Amino acid sequence: VQLVESGGGLVQPGGSLRLSCATSGIIFGFYAMNWYRQAPGKQRELVAAITRGFSTSYADSVKGRFTISRDDAKNTVNLQMNSLKPEDTAVYYCNARRVEVNHNYWGQGTQVTVSS
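Straight run, no breaks: the sequence shown in our numbering ends on number 167.
Keep in mind the hints are simulated off the structure, nothing from the lab. From a predicted model like this one, the values you see are computed outputs, not experimental measurements. Treat the hints with care, as some may be off.
[Said to hold, decoys possible] Dumping the calculated BS3-like pairs for lysine-lysine here, alpha-carbon to alpha-carbon at most 30 Å: (1) 114 x 125; (2) 114 x 93; (3) 136 x 93; (4) 136 x 114.
[Said to hold, decoys possible] Computed beta-carbon distance windows for the label pairs: (5) 52 x 136: 31 to 41 Å; (6) 60 x 110: 14 to 24 Å; (7) 96 x 134: 16 to 26 Å; (8) 55 x 131: 11 to 21 Å; (9) 138 x 75: 29 to 39 Å; (10) 167 x 77: 32 to 42 Å; (11) 159 x 134: 20 to 30 Å; (12) 91 x 124: 34 to 44 Å; (13) 136 x 157: 18 to 28 Å; (14) 67 x 152: 18 to 28 Å; (15) 167 x 106: 31 to 41 Å; (16) 150 x 67: 30 to 40 Å.
Beta carbons are placed, not taken as given, at the ideal position from N, Cα and C, and that holds for glycine.
With the sequences and hints as input, model every part of the structure.
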């Protein structure tokens with residue numbers, strides 16, 4: 052199983068980035084997909100989630116600014132991040148979860164830095 056994130060980088064406050072997570076080795080449509088982030092000295096937190104049925108949910112801190120989407124034909128999940136703030140700076144991780152079989156997979160993470 053592989054989850055490979057891409058799209059991170061350095062962006063100025065107010066800017067945008069689009070993260071992508073390409074998966075292999077799983078039946079993608081069976082998994083809920085999530086984006087987490089972890090800032091230095093802080094616990095990993097759930098940022099956005101999308102179910103197998105395409106229902107979405109977001110952390111309060113990113114509502115209205117981030118959008119999660121999935122493409123089951125391409126086995127990918129994306130996170131569009133707009134109006135970025137310095138407090139969004141973190142390593143962002145892709146997660147694939149299938150509760151009924153206790154599967155929980157992680158990518159290696161991609162760094163997002165929001166700074167002027």
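*Taking each numbered hint in turn, which are not upheld by the structure, reported in ascending numerical order?*
Violated: hint 14 alone.
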